[in-house]
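Colleague: Given next are the chains, with one letter for each unit.
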Amino acid sequence: MKLRCHFVLAIILLVPLLSPGADEGQQTNMVEEIKQLRLRTEALEKKLSDTKPVALSLGSVSAGSSYMNASFDVLFNAGWSSTPDTKEIQPGCHDPSQRGFSIRNAELALDGAVDPYFKAFANIVFMTDFEEETQLELEEAYALSSSLPYGLQAKAGRFYAEFGRQNTQHPHTWSFVDQPLVLNRMFGEDGLRQNGVRLSWLAPTPNFTELTLGVFNGQGGDAFSFRYTGEADTNGVDRLYGRATTARNLDGLGDFLFVPCLASAFDLTDSQTLVLGASAALGPNDTGKDTYTMIYGVDTYWKWKPANAEAGWPFVTWQTEALARNFEAGADETAGLPSETLCDWGLYSQVQWGFIRCWTAGLRGEYVTGNTSASTEANEERATTTRVSPNVTWYPTEFSKIRLQYNHDWREYAQDADAVWLQLEFMLGAHAAHKF
Amino acid sequence: MKTKTVINTIILAAALLFGFAAASHAKLNVVATTPDFGAIAREIGGDLVQVNVLAKPTEDSHFVDAKPSYIVKLAHTDVLIEGGAELEMGWLPPLIGGARNSKIELGRPGRVRCAEGLVLLEVPTTLDRSMGDIHAMGNPHFMTDPVNARHAAERVGAVFSTVDPQNAATYRERLAAFTKRLDEKLAVWQKQLEPFKDRRVVAYHNSWPYFANRFGIKINLFLEPKPGIPPTPAHLADMVTRMKTERIGVILVEPYQNRKTAEKVSAETGAAIVDFAQYPGGVKGTEGGYIELMNYLVNTLAMALKNSGVSKEQKQ
Numbered sequence: 011m012k013l014r015c016h017f018v019l020a021i022i023l024l025v026p027l028l029s030p031g032a033d034e035g036q037q038t039n040m041v042e043e044i045k046q047l048r049l050r051t052e053a054l055e056k057k058l059s060d061t062k063p064v065a066l067s068l069g070s071v072s073a074g075s076s077y078m079n080a081s082f083d084v085l086f087n088a089g090w091s092s093t094p095d096t097k098e099i100q101p102g103c104h105d106p107s108q109r110g111f112s113i114r115n116a117e118l119a120l121d122g123a124v125d126p127y128f129k130a131f132a133n134i135v136f137m138t139d140f141e142e143e144t145q146l147e148l149e150e151a152y153a154l155s156s157s158l159p160y161g162l163q164a165k166a167g168r169f170y171a172e173f174g175r176q177n178t179q180h181p182h183t184w185s186f187v188d189q190p191l192v193l194n195r196m197f198g199e200d201g202l203r204q205n206g207v208r209l210s211w212l213a214p215t216p217n218f219t220e221l222t223l224g225v226f227n228g229q230g231g232d233a234f235s236f237r238y239t240g241e242a243d244t245n246g247v248d249r250l251y252g253r254a255t256t257a258r259n260l261d262g263l264g265d266f267l268f269v270p271c272l273a274s275a276f277d278l279t280d281s282q283t284l285v286l287g288a289s290a291a292l293g294p295n296d297t298g299k300d301t302y303t304m305i306y307g308v309d310t311y312w313k314w315k316p317a318n319a320e321a322g323w324p325f326v327t328w329q330t331e332a333l334a335r336n337f338e339a340g341a342d343e344t345a346g347l348p349s350e351t352l353c354d355w356g357l358y359s360q361v362q363w364g365f366i367r368c369w370t371a372g373l374r375g376e377y378v379t380g381n382t383s384a385s386t387e388a389n390e391e392r393a394t395t396t397r398v399s400p401n402v403t404w405y406p407t408e409f410s411k412i413r414l415q416y417n418h419d420w421r422e423y424a425q426d427a428d429a430v431w432l433q434l435e436f437m438l439g440a441h442a443a444h445k446f
Numbered sequence: 032m033k034t035k036t037v038i039n040t041i042i043l044a045a046a047l048l049f050g051f052a053a054a055s056h057a058k059l060n061v062v063a064t065t066p067d068f069g070a071i072a073r074e075i076g077g078d079l080v081q082v083n084v085l086a087k088p089t090e091d092s093h094f095v096d097a098k099p100s101y102i103v104k105l106a107h108t109d110v111l112i113e114g115g116a117e118l119e120m121g122w123l124p125p126l127i128g129g130a131r132n133s134k135i136e137l138g139r140p141g142r143v144r145c146a147e148g149l150v151l152l153e154v155p156t157t158l159d160r161s162m163g164d165i166h167a168m169g170n171p172h173f174m175t176d177p178v179n180a181r182h183a184a185e186r187v188g189a190v191f192s193t194v195d196p197q198n199a200a201t202y203r204e205r206l207a208a209f210t211k212r213l214d215e216k217l218a219v220w221q222k223q224l225e226p227f228k229d230r231r232v233v234a235y236h237n238s239w240p241y242f243a244n245r246f247g248i249k250i251n252l253f254l255e256p257k258p259g260i261p262p263t264p265a266h267l268a269d270m271v272t273r274m275k276t277e278r279i280g281v282i283l284v285e286p287y288q289n290r291k292t293a294e295k296v297s298a299e300t301g302a303a304i305v306d307f308a309q310y311p312g313g314v315k316g317t318e319g320g321y322i323e324l325m326n327y328l329v330n331t332l333a334m335a336l337k338n339s340g341v342s343k344e345q346k347q
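Just so you know, the protein sequences line up as chains E and Z, in that order. Residue 311 in our numbering is what sits at position 301 of the first sequence, and the numbering runs on without skipping anything. Residue 130 in our numbering is what sits at position 99 of the second sequence, and the numbering runs on without skipping anything.
None of these hints come from the bench; they were simulated from the model. Just so you know, not all the hints are guaranteed correct.
[Claimed, not checked] List of simulated lysine-lysine pairs, DSSO-like, C-alpha gap at most 30 Å:
1) Z:Lys211 / E:Lys445
2) Z:Lys337 / E:Lys445
3) E:Lys45 / Z:Lys211
4) E:Lys445 / Z:Lys134
5) E:Lys411 / Z:Lys228
6) E:Lys411 / Z:Lys337
7) Z:Lys275 / E:Lys129
8) Z:Lys249 / E:Lys411
9) Z:Lys275 / Z:Lys211
10) Z:Lys228 / Z:Lys211
11) E:Lys411 / Z:Lys257
12) Z:Lys337 / Z:Lys295
13) E:Lys129 / Z:Lys228
14) E:Lys313 / Z:Lys228
15) E:Lys313 / Z:Lys291
16) E:Lys445 / Z:Lys98
17) Z:Lys291 / Z:Lys249
18) Z:Lys291 / E:Lys165
19) Z:Lys211 / E:Lys165
20) Z:Lys58 / Z:Lys104
21) Z:Lys315 / Z:Lys257
22) E:Lys313 / Z:Lys337
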């Protein structure tokens with residue numbers, strides 16, 4: 011032990027003694043080498059500082075950077091309608107459905123990136139029916155491509171078709187408690203929502219122009235004007251607009267539902283934006299062998315918000331959608347109905363005024379009408395209706411709101427109707443940000 | 032002969048067209064979410080970059096409309112500069128989703144998140160919205176500290192050099208010049224606010240903790256009862272009492288905030304309202320850039336604190 015210590019000590023002492031003994035040339039070599047090394051290190055450091063920032067990830071887990079955002083949003087309704095059967099005047103799936111209290115939309119929304127190639131979104135909706143039993147619905151579940159070239163983007167799964175403005179919006183983002191009558195008449199109680207695919211293209215124009223084409227099965231109640239067999243009569247025969255229907259299969263490409271849509275946006279000034287859209291939904295229906303439905307729509311959305319708005323207030327928005335439908339109804343000889351074309355059209359126009367922070371006042375006018383059919387059922391279901399709805403909403407934060415709305419309906423075959431609704435929205439969790 | 036002329040014309044036209052296309056693409060295309068990042072990008076990029084800023088300087092940057100025209104701007108950009116600390120969470124994701132631009136995907140060099148590498152203040156221990164509009168990653172208004180702006184400038188400079196290596200030397204020079212100017216100014220600003228160390232100032236919203244930290248001012252009383260919750264009469268009454276007892280003489284108000292509320296409090300307390308802005312151009316005279324903005328902020332605050340009576344000496 012002692013010996014080893016001495017040995018180490020001897021070496022330590024010897025090293026400084028030895029080094030002056032090294033020849034002069036070697037020393038200059040070493041200095042030169044150190045100089046070279048220093049230069050190289052400097053060059054490397056410089057290079058490193060140039061490329062440093064690539065993909066450092068933020069340490070903490072947050073709403074915006076987690077694997078999946080999850081939110082739960084509830085629309086709770088209270089109110090009264092002059093008609094005992096509220097469904098008569100509030101046919102929308104997510105509308106307040108009865109006098110008293112109702113929950114027609116409690117949605118669990120999930121979204122996030124799947125991998126570098128796909129993003130995904132799912133919306134699972136719970137609602138209570140007249141017996142207060144809970145209904146469950148896979149409202150939307152789709153994947154969205156995130157890395158296609160040439161401004162293309164693909165969507166696949168189950169989703170609301172990109173037609174017009176409100177069809178793709180979820181009820182908690184609506185400006186009124188209920189679905190516009192014209193969307194209900196053309197698309198049924200829950201909008202145009204199907205399994206399918208859609209491709210969209212962002213045109214390389216100076217202003218925003220997006221072209222989309224959706225291809226869907228076009229069947230069932232969520233594609234009301236298309237391959238939908240209607241409801242069973244007392245004899246158990248499925249009927250739509252008085253005609254017995256036959257569920258037809260997909261026999262070729264022409265049996266799919268095609269939904270093309272064009273949207274363009276213009277910044278009129280720094281504080282005003284205008285969005286214009288034109289859409290169509292084209293596909294066969296189940297009332298005959300070769301019967302076809304064509305729905306066309308145009309929509310406009312205008313928004314004013316000053317450059318010094320606080321938390322989004324004040325603002326004014328004006329949204330209008332007009333739709334027209336040609337529904338080729340097949341002949342039903344046993345019911346005494348000829349083949350005919352049912353022509354319907356309708357529109358709604360609504361203004362929302364955010365007059366003071368957290369408060370908005372709104373007014374909506376609606377009109378739907380259709381030509382006279384040989385079928386009494388068709389005439390009743392397609393009766394001319396005019397509706398006016400004023401409302402006022404208080405948003406304590408962007409996660410809750412309380413809305414009071416009044417509807418007055420002028421109806422062709424029935425008495426005028428009134429309804430008053432109070433709606434409370436409350437949302438938990440991190441919800442995906444909404445489009446303009 | 033005729034066909035030859037036609038062909039020649041076509042070739043000439045094509046050449047001109049490509050020439051124009053090349054010329055118009057010669058500049059590096061940059062989008063900044065807010066005007067502070069835009070100003071930094073212009074400092075570093077100069078004439079070599081074309082900068083588009085989404086949020087307006089007077090706008091509430093928590094609530095920017097996701098306008099379709101912004102999607103077009105993002106679709107054609109080479110670089111996107113954002114804070115990345117949740118300030119833009121409510122409007123940037125749908126814009127990026129719509130833009131379909133692989134250059135600005137997360138993890139790509141073209142996506143600059145200026146908060147990366149910074150230690151953010153006020154990171155909440157629990158995420159509970161009963162506490163108001165809180166940010167999981169911490170307070171996102173970090174650019175009000177010039178040291179953080181320096182960090183942002185360095186990141187932007189490095190990214191410009193990576194994405195546009197031909198001009199790397201110019202970017203490096205401009206970055207060095209900017210940080211030198213900033214460092215010099217910072218020393219001046221600190222000296223200017225030195226006499227008012229630990230003085231308390233009221234702000235409408237909690238946008239200024241980084242500024243307060245850097246310059247030793249206390250900005251920790253707010254007209255908003257909780258972040259993002261509009262002022263209530265009860266809270267304002269409480270604030271008036273506190274301001275009177277603590278002899279607080281300055282209220283900071285940003286362009287989008289409710290000036291009337293501040294005026295009411297000012298009328299009752301005699302406190303001065305000082306127009307503050309986080310973004311160059313938010314207040315008149317700050318359009319020049321980040322340093323001009325900071326200059327304005329420090330000058331006006333120093334002036335207001337001086338005029339509001341209680342100086343440090345008197346207090347002791």
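Colleague: All hints, please: hold or fail.
Modeller: Right, here's what the structure says about each hint:
1. The straight-line distance between the Cα atoms of lysine 211 (chain Z) and lysine 445 (chain E) is roughly 42 Å, outside the 30 Å bound, and the hint therefore fails.
2. Pair hint lysine 337 (chain Z) plus lysine 445 (chain E) does not hold up; C-alpha atoms about 47 Å apart against a cutoff of 30 Å.
3. Between the alpha carbons of lysine 45 (chain E) and lysine 211 (chain Z) the distance comes to roughly 28 Å, so the proposed pair stays at or under 30 Å and holds.
4. For a cut-off of 30 Å, the pair hint linking lysine 445 (chain E) to lysine 134 (chain Z) stands: about 22 Å separates their Cα positions.
5. For the proposed pair lysine 411 (chain E) and lysine 228 (chain Z), the alpha carbon gap of about 43 Å is over 30 Å, so the pair is violated.
6. For the hint linking lysine 411 (chain E) to lysine 337 (chain Z), the alpha-carbon distance of about 44 Å lies beyond 30 Å, and the restraint is violated.
7. Between lysine 275 (chain Z) and lysine 129 (chain E) the alpha-carbon distance is near 54 Å, which puts this suggested pair outside the 30 Å criterion.
8. Between lysine 249 (chain Z) and lysine 411 (chain E), the direct Cα distance comes to roughly 35 Å. Violation of the 30 Å bound is thereby established for this hinted pair.
9. Between lysine 275 (chain Z) and lysine 211 (chain Z) the alpha-carbon distance is near 42 Å, which puts this suggested pair outside the 30 Å criterion.
10. Taking the CA atoms of lysine 228 (chain Z) and lysine 211 (chain Z), the gap is near 25 Å; set against the 30 Å cutoff, the hint holds.
11. With a CA separation close to 18 Å, the supplied pair lysine 411 (chain E) and lysine 257 (chain Z) stays within the 30 Å bound.
12. Taking the CA atoms of lysine 337 (chain Z) and lysine 295 (chain Z), the gap is near 22 Å; set against the 30 Å cutoff, the hint holds.
13. Taking the CA atoms of lysine 129 (chain E) and lysine 228 (chain Z), the gap is near 50 Å; set against the 30 Å cutoff, the hint is violated.
14. A hinted pair counts as satisfied when its Cα atoms are at most 30 Å apart, and lysine 313 (chain E) with lysine 228 (chain Z) does not qualify at roughly 46 Å.
15. A threshold of 30 Å between alpha carbons decides the hint, and for lysine 313 (chain E) with lysine 291 (chain Z) the separation of about 25 Å falls inside it, so the pair holds.
16. Our distance criterion of 30 Å between C-alpha atoms is met by lysine 445 (chain E) and lysine 98 (chain Z), whose separation comes to about 8 Å.
17. A C-alpha spacing of about 23 Å is found between lysine 291 (chain Z) and lysine 249 (chain Z), which places the hinted pair at or below 30 Å, so the restraint holds.
18. Of the pairs offered as hints, the one joining lysine 291 (chain Z) and lysine 165 (chain E) is violated, with about 48 Å between alpha carbons and a cut-off of 30 Å exceeded.
19. Distance check on the hinted pair: lysine 211 (chain Z) and lysine 165 (chain E) sit about 50 Å apart at the alpha-carbon level, beyond 30 Å; violated.
20. Pair hint lysine 58 (chain Z) plus lysine 104 (chain Z) holds up; C-alpha atoms about 14 Å apart against a cutoff of 30 Å.
21. A C-alpha spacing of about 29 Å is found between lysine 315 (chain Z) and lysine 257 (chain Z), which places the hinted pair at or below 30 Å, so the restraint holds.
22. Restraint check: the Cα-Cα separation between lysine 313 (chain E) and lysine 337 (chain Z) comes to about 44 Å, which exceeds 30 Å; the hinted pair is violated.
Figure legend: structure checked against the earlier numbered hints; hints not met, in rising order: 1, 2, 5, 6, 7, 8, 9, 13, 14, 18, 19, 22.
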